[in-house]
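K.L.:
What follows is each chain in one-letter form.
Protein chains: 2
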Amino acid sequence: MRVVIIGGVAGGMSAAARLRRVAEDAEIVVIERSGHVSFANCGLPYHVGGVITERSALLLQTPESLAARFRIDVRVLTEVTRIDRDGKVVCVRNLTTGEESEIAFDKLVLSPGAQPVRPPIPGIERALSLRDVEDTDALVAATADAKTAVVIGGGFIGLEMAENLLHKGLRVSLVEAADQIMAPIDPEMVAPVQALLRDSGIDLHLSASATAIGEQSVTLSSGAELPADLVVAAIGVRPDSRLAADAGLAVGERGGIVVDDHHLTSDPAIYAVGDAVEKVDAIDGSAAMIPLANTANLQGRRVADHIAGLSGAGRPTLGTAIVGILGLQVASTGWNEKRLRAAGRDYLAIHTHPASHATYYPGAETMALKLLVDPATDEILGAQGVGKEGVDTRIDVIATAIRGGLKASELAELELAYAPQFSSAKDPVNMLGFIAENHRTGMTASIQWHELTDALVGGAHLIDVRTPGEFEAGAIPGAINIPVDELRDRLDELPDGELIVHCAVGIRGHIATRLLASHGRSARNLDGGYRTWAAISA
Amino acid sequence: MRVVIIGGVAGGMSAAARLRRVAEDAEIVVIERSGHVSFANCGLPYHVGGVITERSALLLQTPESLAARFRIDVRVLTEVTRIDRDGKVVCVRNLTTGEESEIAFDKLVLSPGAQPVRPPIPGIERALSLRDVEDTDALVAATADAKTAVVIGGGFIGLEMAENLLHKGLRVSLVEAADQIMAPIDPEMVAPVQALLRDSGIDLHLSASATAIGEQSVTLSSGAELPADLVVAAIGVRPDSRLAADAGLAVGERGGIVVDDHHLTSDPAIYAVGDAVEKVDAIDGSAAMIPLANTANLQGRRVADHIAGLSGAGRPTLGTAIVGILGLQVASTGWNEKRLRAAGRDYLAIHTHPASHATYYPGAETMALKLLVDPATDEILGAQGVGKEGVDTRIDVIATAIRGGLKASELAELELAYAPQFSSAKDPVNMLGFIAENHRTGMTASIQWHELTDALVGGAHLIDVRTPGEFEAGAIPGAINIPVDELRDRLDELPDGELIVHCAVGIRGHIATRLLASHGRSARNLDGGYRTWAAISA
Chain S
440 MRVVIIGGVA GGMSAAARLR RVAEDAEIVV IERSGHVSFA NCGLPYHVGG
490 VITERSALLL QTPESLAARF RIDVRVLTEV TRIDRDGKVV CVRNLTTGEE
540 SEIAFDKLVL SPGAQPVRPP IPGIERALSL RDVEDTDALV AATADAKTAV
590 VIGGGFIGLE MAENLLHKGL RVSLVEAADQ IMAPIDPEMV APVQALLRDS
640 GIDLHLSASA TAIGEQSVTL SSGAELPADL VVAAIGVRPD SRLAADAGLA
690 VGERGGIVVD DHHLTSDPAI YAVGDAVEKV DAIDGSAAMI PLANTANLQG
740 RRVADHIAGL SGAGRPTLGT AIVGILGLQV ASTGWNEKRL RAAGRDYLAI
790 HTHPASHATY YPGAETMALK LLVDPATDEI LGAQGVGKEG VDTRIDVIAT
840 AIRGGLKASE LAELELAYAP QFSSAKDPVN MLGFIAENHR TGMTASIQWH
890 ELTDALVGGA HLIDVRTPGE FEAGAIPGAI NIPVDELRDR LDELPDGELI
940 VHCAVGIRGH IATRLLASHG RSARNLDGGY RTWAAISA
Chain X
440 MRVVIIGGVA GGMSAAARLR RVAEDAEIVV IERSGHVSFA NCGLPYHVGG
490 VITERSALLL QTPESLAARF RIDVRVLTEV TRIDRDGKVV CVRNLTTGEE
540 SEIAFDKLVL SPGAQPVRPP IPGIERALSL RDVEDTDALV AATADAKTAV
590 VIGGGFIGLE MAENLLHKGL RVSLVEAADQ IMAPIDPEMV APVQALLRDS
640 GIDLHLSASA TAIGEQSVTL SSGAELPADL VVAAIGVRPD SRLAADAGLA
690 VGERGGIVVD DHHLTSDPAI YAVGDAVEKV DAIDGSAAMI PLANTANLQG
740 RRVADHIAGL SGAGRPTLGT AIVGILGLQV ASTGWNEKRL RAAGRDYLAI
790 HTHPASHATY YPGAETMALK LLVDPATDEI LGAQGVGKEG VDTRIDVIAT
840 AIRGGLKASE LAELELAYAP QFSSAKDPVN MLGFIAENHR TGMTASIQWH
890 ELTDALVGGA HLIDVRTPGE FEAGAIPGAI NIPVDELRDR LDELPDGELI
940 VHCAVGIRGH IATRLLASHG RSARNLDGGY RTWAAISA
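Those protein sequence lines, which keep their order, are chains S and X. Quick note: the first sequence uses this note's numbering, first residue 440, plus one each step. Quick note: the second sequence uses this note's numbering, first residue 440, plus one each step.
Simulated from the structure, these hints should not be mistaken for lab results. Please note that a few of the clues may not be correct.
Identical copies carry no separate label here, and so any pair may be met within one copy or between two of them.
Pairs of lysine-lysine residues, derived as DSSO-like cross-links and limited to a Cα-Cα distance of at most 30 Å, are as follows [claimed, not checked]:
1) K846 <-> K865
2) K827 <-> K865
3) K586 <-> K527
Given the structure is predicted, the values throughout are model-derived calculations rather than measurements.
This is chain S alone, in the form it adopts within the complex:
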């Protein structure tokens, strides 16, 4: 049996290596357009920035090493021009010699990845993208004598590029068409990241698009002209499904190759994996484009298993992701609030600002966490986190809880590793569970930062239960300050009507709402407290 794999990174190479382990007799041919296979694609921005100093560190395998270990026939600098499904043949062109030939297959695996989106604006040909080692080499060369750079696109790759160019000593502008960077993260969570970018010297332009790229500048829709010895286009990617579409394979609305649970395309001899394929969203079962290396790797393994006659079913995808940016960890899993609202789904949002470990032990850092919950079923719909440390762990735990079918309230019961250097006796994830439980049992009612203004205009009164010192250092306009420790004795100072209470992060606010409830005054707690409100409203 001959298996031909198109694309020699992540999904394609995982399929090839796994296939050899489960099918020693298979003939395995990997065809890769670029000059390298199995390179560290997630490391490319860091080599541009000089964080990964050695280029060789990016090259995890070579055609020779793969031949020796796995008896894989790897052909780099080779492009597949056409898939002949009836003839079970792919037509290939050697990009060095121009020579064309055909390779027959019994099974074909498509792992062509995704292509950078390049908007049709004047001068776009000068913009560099980052997809493979050759792109990286071009960027390294271009940064050698550049002093200024414009990165177009504030997604994960754009941010990594901006940080690395800054690290390299360039003056960096970042241009994002939306009103916030990093679409998977909600605006109040991403606001501190945007502030950090600006504080670090990155010239951030939101709700802005590039209209022209000149020889040394980028012109924005506003008319502003940004200095740009170097321009990087990191606007996003689109599935590289041209070959599949040309061959008449089913392609979805979002351009991804359509596959079934076994990653089979509409042709039973052809599989597809990785950034080029549509996944199934774990929250609502819809088609999802999730260009992540870990998902691609797992799919490659599953395809190899299925070819070898083992079980190889895929699972719906949560799209857990993380990016490191200027010392911050920014991570998410599942859906965000924007998407839930757009889909018209009912949800409960919970914001917290816990410490990464016990505050009495040196070095604790405050993070922001957000949990999204289905209020009817207590199902966890998504989570986000931003902070200097410990965010990765909490998002991983929540992603695992979702996969295990745990309800939001059940996060309270998780037994997580605790010593004061590593966590708190009530871990931040446990605290999210306690809060979810309080909502479920009617022990608390909250109001979100974006609902506050309407509520106050509508006549509600805002009680700030922090200390006078905290209140003086910065308060929400219109708030009345009654510290929580005095509230029991100052109930008669409370105005009539609807009450909203808040503290710094929500804990004292919760104590206050419980106290008020027991004295016959219902009150809602401002979720996430002053800190969440101030992150985006102050």
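Chain S is already provided as a structure; the job is to place chain X on it using the hints.
P.N.:
Leaving out everything else, chain X in the frame of chain S:
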């Protein structure tokens, strides 16, 4: 309703604070024998070592702050001498004045904690223990002019004390009666920790017990005399169940107060929580003593809920734990191999040595992970990890997976946050899942480090598939070196009979076993490779 709580730390104080939030009308009295409540008990060793510089950092709340915020009547330096169950009264003595009195209760919550075990050896009165702030003060004073210390007991607290005394500049000996430190960790996993202790200058004595404590020394069973200006007894704790037992409440075989799912004792008016009570083991449902702060806190919350008429059922306990020791994270959840073997349970052990993040990104550290699986059901029975970073995250994820009922093979499917600074595209937890899946599907068979000698004596041949350079740097006696990349062409060099293969950590060994299987030679892979074997056998 008056609720009296005996013990003002962790479980007791969690119960008190939660109770106020759910029952504003309750009268809450907390009785604490020491001079402080709600102190940072897990931080005490680090104040002795000067890592937590300010003593005040340990005192999270005071009787005054608890009165102001929660209207809790806190009585420190007060001891309960007797519980009169019929009269629903506790008899208390003010330790300052000696005055005795009675306090009536409607509900009573016992949270007395555990007492340090103190062996009856001559001079034991000179040994200090570490249970409360007063003990901490005594230790701080004692270290002021001590130059040498002996810590008796190599459990988590003993290790934290040894590290902190070393940090303080003392010469430290650590004496442990068992043949390894840290009972929850299996010997091959703990061996590198023991090596690190010795390399760091700690004089470690295993399988040794103290027979006498002199004025400046500790005498061991071997006759050795260890210099000891200071002696710390950290041998373990026993549940402080005397009051409960005297009152006729049910106490289990291991000395813990027996409670039901609602943490009720055999008296329906009396609850008990924390280190003093028996928990239910999550793996086999047996009675378990698990003295951990996070468990105590959760139980306190559940008791408060139950008193207030809310649901408050407890869950079986996994006993997830972590300790930081000399820059290493050592963590575990569920059962270890020793315990499984002692219980006669069938199990599969999986050892790996993954990097904390992508190796091409600077700063990756190698950790050791171990997963224990029920081979019949694929159920996860336990996990352990040792390494400089990333161990906490992986143990947390596995503990969450166990709680969510995920099978070992399903760890392969977890979507964990990946960027090269934080993890690998195949996270170490995913890799454990892949290996479990390979076992389940018969794709691999392994042999454990402790089974190797018998197998070789029995005639099996050991093939080391590492490179010649690795082989020369250190090899298992009797191994034949055929690098994996040459194996396909050197099959005729293999001896007849049973084959065992190994590499450095297990990955190349797996590739080799698959290759051999397809050529009709069945072979077992040495689990964890040379690294696991060498950790304990070299």
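K.L.:
Now tell me if each hint is right for this structure.
P.N.:
Structure-based check of all given hints:
Proximity of K846 and K865 under a CA criterion of 30 Å is satisfied in both settings, with 18 Å inside one chain copy and 26 Å between copies. Proximity of K827 to K865 under the C-alpha cut-off of 30 Å is found in both arrangements, the shortest distances being 19 Å within a copy and 23 Å between copies. In this assembly of identical chains, K586 and K527 lie within 30 Å of each other by CA distance neither inside one copy nor across copies; the values are 51 Å within and 80 Å between.
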